[in-house]
Amino acid sequence: MRILVIEDDRQTAQYLAKGLRQQGHVVEVADNGRDGLFLAAGEKFDVMVVDRMLPGLDGLGLVKTVRSAGVKTPILLLTTLGGIDDRVAGLEAGSDDYLVKPFAFAELMARVNALARRPPIAGADTTLKIADLEMDLLRRKVRRAGADIELTPLEFKLLEHLMRQTPRIVTRTMLLEQVWGFHFDPKTSVVETHMSRLRGKIDKGFACELIHTARGSGYVLRMPDATR
Amino acid sequence: MQLASSLIARLTTLYVILFAASVAILFALVWFVTSRSMTAQLMANVQRDAVSLADEYRATGAAAAAALVERRLQRGGLAYYLLQRRDGAWIAGNIAPVSPVLGPLDLQVRLFSRGEAAGERTQGDLRDAIGYGVLLGDGTFVLAGEDVGRLQATRKAILTAFSIGGGVSVILAILGGLALSAGFLRRVESVNRTARQIMAGQLDSRVTVRDNGDELDRLAANLNAMLDRIQSLMESLKQVSSDIAHDLRTPLARLRQNLETAKASARTVEEFRSSTDAAIAETDSLLKTFSALLRIAQIESGSRKAGFASVDVSELFELVASTFAAVAEDQGHQLVSDIQGGIGISGDRELLLQLATNLVENAIRHTPSGTKIEFRLHKEMDDVITTVADNGPGIPAAERGKVLRRFYRLEASRTTPGSGLGLALVAAIADLHGARIGLIDHGPGLIVEVCFPASARSVAQPLKNAVRS
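Heads up: the sequence lines are chains U and P, in that order.
Numbering that gives the first Met the number 0 puts the first sequence at residues 0 to 227.
Numbering that gives the first Met the number 0 puts the second sequence at residues 0 to 468.
Some hints here could point you the wrong way.
What the hints assert, rightly or not - Partial chain P-side listing against chain U, Cβ under 8 Å, derived: (1) Ile7; (2) Leu285; (3) Ser300; (4) Ser302; (5) Lys304; (6) Ser321; (7) Thr322; (8) Ala325; (9) Asp329; (10) Glu349; (11) Leu352; (12) Gln353; (13) Glu360; (14) Ile363; (15) Arg364.
What the hints assert, rightly or not - Keeping only pairs whose Cα atoms sit at most 30 Å apart, straight-line, the calculated DSSO-like set for lysine-lysine is: (16) Lys304(P) to Lys186(U); (17) Lys401(P) to Lys304(P); (18) Lys140(U) to Lys17(U); (19) Lys237(P) to Lys186(U).
It should be emphasised that the hints constitute simulated quantities derived from the structure, not laboratory data.
No experiment lies behind these values; they were computed from the predicted model shown.
Cβ coordinates follow ideal geometry from the N, Cα and C atoms, glycine included.
Based on the provided sequences and hints, a complete structural model is requested.
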């Protein structure tokens, strides 16, 4: 992937660039809004990672300008701790996702991956299928190897999210935000609890496991033979 | 002070100009009206005199008319008469012959007399007069006049009166202007003094309010209200920073120990990794504490209120109930929920979600296994009430008031992980929504009740209806 990182703090920029390159991506770095805008408008990138606070041109302004110029590249906005109103402002400006600093690199990677390969919204897609697991979105039914599986509405939503993201890793925070709408950290093991119940219904008693734990970063639903 | 004195000068000058202008206009009016009416009266007099003299001449002849003139002159006063023949020869009167002019005329005359002994002579100064001339059939000219000295004296008196009056007015205007603007500026200065005191560090200083309800008073009251708000925000900020200083020392010390251990005594990569993992975990928990603190501060600042919208709390709390029923069960608790449907309030969706989550999580985390937790949402009259009740150990009555404070932790829960900010956050969110929190003894256990009174939600009703319809 070609990734544009617009970040004025050199240490953070290097940390991001190094980590992304290790994952095999091509990374361009701009350390101010103006250069960032120039690169974003002129070249083709798969994802842009933009810091909210930038010298020259503020991150929000940059996102707005880029969007009004017709650039549709997915944008992940980075912001500092605690700005609870910032998320809405960021999404309204036209960014696609939002991550609060400081963050674990695995979290950033998972979000960049989710953004880059976000599938086009397919209108006719009423069933999702991975290996022998089938989900009927209209009838709200799940079957594995021909057997019906009863899920609670929350479990259904969780599984749907995993299936749509396959084979990408989905982090705990992403699930909290996207399945529950929790933009804060619960102090109990909300995700783990529901995930373990879901696994009990989806994987238990079947030949192979579909839901896997990605150590230290989250969960992934994928075919058993697709190694990594 | 420069500005203040210039303001006094400006106000006073304005006063003086206003007073002087009104005196001048009044003066002009009096002058004009008096002159006109006096002149008209004089004119009427001389005309009557001249006409009656002419009538006498026609009726009885020159000698009788001359005698009448003499009689009239005997009466005294500043009257002028002249009776002259066609050829300009003097017959009678006290002025010298003139070339005849008919009707009203302005004159400048000297007294004139003609005697057997003294002959013709004029005496005295030239005097202003008005007169009226009549020409008779035989060419005789009759003139009656009157001195305008009285008119001039009256005018002079008016001028003098108005000069004195005007002078007094200007002095009064200056004094009045000074007094009024000084009074105004004293009150402005009192605001300034308060501002200076606050800048000098006397933060509880306030502007004096006179309770007379005028504009300046309302300004003072508003300034005071603003200062109160700023002070309470500042105090909460101060509280936050001292809380941070006290309560973050322990986790920071632990972080340091982890890093030291990694550096000094880790012999294998595995040991090194476990120490750094512990350090990262400690950092994450510190960051969470910071995040919670900032969140509380932001909620307390009230800025979130701008984003209030109609929120379906029934749906929101159903989500919380279904999410945590499983979590509670896994930890050996029982979560029972009773959520009344279709309840909407005006608020912040995300914060209301967090409020319910924190309350339910608190009940799960701080009670022993086997505890039954009841989570309810219902409408009572028009108040929306949510309660989380447990039959766990509860909170001693003496400590119930303190648990809503930041970083306050009960002795029993010192060992459970957590920052002691959960209930403080709940309190801040409730406060933002105008809701009251009650901690009630459940005997045994604790009931936390959050009541959103109808009055605090009054704005929400039309909004909610609009959304529903």
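These are the hints, each one checked on the structure:
{"no.": "1", "hint": "Ile7", "result": "violated (48 Å)"}
{"no.": "2", "hint": "Leu285", "result": "violated (11 Å)"}
{"no.": "3", "hint": "Ser300", "result": "violated (11 Å)"}
{"no.": "4", "hint": "Ser302", "result": "holds (7 Å)"}
{"no.": "5", "hint": "Lys304", "result": "violated (11 Å)"}
{"no.": "6", "hint": "Ser321", "result": "holds (6 Å)"}
{"no.": "7", "hint": "Thr322", "result": "holds (6 Å)"}
{"no.": "8", "hint": "Ala325", "result": "holds (5 Å)"}
{"no.": "9", "hint": "Asp329", "result": "holds (5 Å)"}
{"no.": "10", "hint": "Glu349", "result": "holds (6 Å)"}
{"no.": "11", "hint": "Leu352", "result": "holds (7 Å)"}
{"no.": "12", "hint": "Gln353", "result": "holds (5 Å)"}
{"no.": "13", "hint": "Glu360", "result": "holds (5 Å)"}
{"no.": "14", "hint": "Ile363", "result": "holds (6 Å)"}
{"no.": "15", "hint": "Arg364", "result": "holds (6 Å)"}
{"no.": "16", "hint": "Lys304(P) to Lys186(U)", "result": "holds (26 Å)"}
{"no.": "17", "hint": "Lys401(P) to Lys304(P)", "result": "holds (26 Å)"}
{"no.": "18", "hint": "Lys140(U) to Lys17(U)", "result": "violated (44 Å)"}
{"no.": "19", "hint": "Lys237(P) to Lys186(U)", "result": "holds (27 Å)"}
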